[in-house]
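Could you put the whole structure together from the sequences, leaning on the hints where they help?
Residue numbers (this note's numbering), protein chains in the order written: chain A, 1 to 167; chain B, 1 to 586.
Honestly, the hints are just simulated from the structure, not real lab data.
One should not assume that every hint holds.
Simulated DEER-style distance windows between Cβ atoms [unchecked claim]:
#1 Asp572(B) - Arg30(A): 37 to 47 Å
#2 Asp43(A) - Asp253(B): 53 to 63 Å
#3 Ala28(A) - Asp572(B): 45 to 55 Å
#4 Asn205(B) - Ala28(A): 41 to 51 Å
#5 Gln42(B) - Arg30(A): 42 to 52 Å
#6 Ala295(B) - Asp80(A): 29 to 39 Å
What the simulated footprint calls covered on chain B by chain A, stretch by stretch (three residues with Cβ under 8 Å from a Cβ of chain A suffice, anywhere in the stretch; the number is not a length) [to be verified]:
#7 113-126
#8 312-318
Predicted, not measured: the structure shown is a model, and the values here were computed from it.
Even for Gly, the Cβ is constructed at its ideal location relative to N, Cα and C.
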Amino acid sequence: MQEIEKHTVCVLVDNEAGVLARVIGLFAGRGYNIESLTVAEVDPQAHLSRITVVTSGTPMVIEQIKNQLGRLVPVHKVSDLTTEGPHVERELALVKVRSTGEKRVESLRIADIFRARVVDSTIESFVFEMTGSTEKLNAFINLMQPLGLVDVSRTGSVAIARGPQGF
Amino acid sequence: MTAQTMNGSAIVIRALLDQGVDVVFGYPGGAVLPIYDELFKQNALRHILVRHEQGAVHAAEGYARSTGKVGVVLVTSGPGATNAVTGLTDALMDSVPVVCLTGQVPTHLIGNDAFQEADTVGITRPCTKHNYLVKNIADLPRVMHEAFYVARSGRPGPVVVDLPKDILQATGTYTNNVNAVHRSYKPQVKGDARRIEEAVALMANARRPLFYCGGGVINSGAAAAAALTRFVRMTGFPCTLTLMGLGAFPAADRQFLGMLGMHGTYEANLAMHGCDVLINIGARFDDRVTGKLSAFSPNSKKIHVDIDPSSINKNVPVDVPIVGDAAGVLEDMIAAWGARAARPDGKALAAWWKQIEDWRARDCLRYKNSDQVIKPQYAIQRLYEAVKARDDVYITTEVGQHQMWAAQFLRFEKPNRWMTSGGLGTMGYGLPAAIGVQVAHPDALVIDVAGEASILMNIQEMSTACQYRLPVKIFIINNQWMGMVRQWQELLYGERYSQSYTESLPDFVKLAEAFGAVGLRATKPREVDDVIRDMIAADAPVIVDCRVDPKENCFPMIPAGAAHNDMLLGPDDVPKPVSEEGMVLV
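Below, the structure written as structure tokens:
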């Protein structure tokens, strides 16, 4: 049996009605995993959107995923950043922590260590904004758990290749 | 390219004509009335009125597969579109180019649960190659032409264009951009030269080679089938074809081993199991072909030519993948083969052929004939004998035992003569498909080899055949059972025949007459030839009720979950208990 691997795949698509449904429907219909999926228009003139999907599967399944994405009509390009050289990957999280006294101070200290920013504050709560790798966000959220974590909103990964070349 | 102002329906008709469409298969309804009104005002485009929208899509498939052109369907919103879904899925699975125009409620009512509203693009997204909802009249001309481009390019498939009624009535500007370049969809058609070299090098060192070819060769056009035939003959290698590929290589050629797969020949399946170089051109390692994957062709290097990259390495890992169109790649392979001095070891090849001839000598399609009861194989064999001298014969089938017998006993020397539902296995495909074929080839002999259960799934299309005087011949192998279901229940479910017997079958002769067609019946072996002769002679649609042995099973058979070298050759072969892994397979 082949090993399960995690891959970050970028897909450049026409920003038209239903395109996201096509991509998601493909994953659902063929039983592929989506660990995270992020989409936004990146070229308003050409109406192009970029989808970043973090997925997992055996190398054979990952190859299938790329080929299946590639044959969707509105797809311009598919690139597997995990295999195509070094890349930068980031995720953003908004983390709400509700506590008072020592716990409140501790959450602020840890946020400082993680370079999270406070973007909202009340007498009994903070909302932290934090950017980083998925693992770093996980670590931060785990630490906030005993300190009064009440809510988390995450974007999923966005990624880009290192070096001077465009997509 | 002069722009012209016209309404949406007129744009639709103009675009169809500019695409070279001469016939559409359809059924009117509220949302498409503007198009039907436009159809009424012209004579260039013929409309065939079907009796159910599923029939319209299958008819378009039959038209497309027998001509190589795009088949066109026109149906209304809501139920019109949902009824077309089975046909669209069938066309997707078998890579048939179809453009299906569906009506839709006006744009301002979309999402309102309006009368005859359905989320057509949502429902058809997974069963089409691509689909469009036209929400702006300015997009209509481009979308119409794009739909045809997408349907026929690369791996062909069905495309839906959903047309809201207000768009059909709006005024727009039509420009004829038949050859517009698509901005993202550009399938690779030219094979990689280095890969082709690698493939040919492998072939030159083969000791036990085998060509395994499929529907991709047919879809690539007559030139691909001709190139394949040339290449197979140049190499002297054996060749087997999938159900979808029959006709891509002439069946009369000694190098042809017959169809392979679950009900394929002994020699084809054992050659598949024993070969050392497998040359797959336009086939997709479907589970009906591979049987047990872990035991599939275990000792071969595999070359796979396919226009769809997602077909490569999907089920079976291959050694030399070549993405490209079969015709071009075959020409390149022929050139590379010609340029190369090395040839396979003649002795090894002769020994391989000797082995294959031994397998062939088992005569795996042999069956025990009877003079009391018509054996289904006998009926189909006699049908073949009656038509084999003609050059104008097109065969469609329904799905089940009769389909497999037809694939085994009818022999095809040319592509585009055999229309069957392979991937989806759609009962009810054959009659409407035959109608589509007959529309495309009015003077040809078009025969639907049917089962009595399948034919009832789209029997209403007899009315279509009679309306347009389409003399399709429906040859029903009537065993009163859903034969394939019965066969599996006998072999795998302890002879518990749950719901596979059809009581109260109609009198098919009277049924034919009720529609205004000719009905014929054969109940004894000696009547078969006469009935076939009368069927062919009749200048009208014909239903033949051929009453066959209800207990006959289709052999050879690779039971679910078994390997190619584990075939059942006949009723005397007792199947081994099927593994749990095998029992879950379909």
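Against the structure, the hints come out as follows:
no. : hint                             : result
1   : Asp572(B) - Arg30(A): 37 to 47 Å : holds, 42 Å
2   : Asp43(A) - Asp253(B): 53 to 63 Å : holds, 54 Å
3   : Ala28(A) - Asp572(B): 45 to 55 Å : holds, 47 Å
4   : Asn205(B) - Ala28(A): 41 to 51 Å : holds, 44 Å
5   : Gln42(B) - Arg30(A): 42 to 52 Å  : holds, 43 Å
6   : Ala295(B) - Asp80(A): 29 to 39 Å : holds, 31 Å
7   : 113-126                          : holds (count 4)
8   : 312-318                          : holds (count 4)
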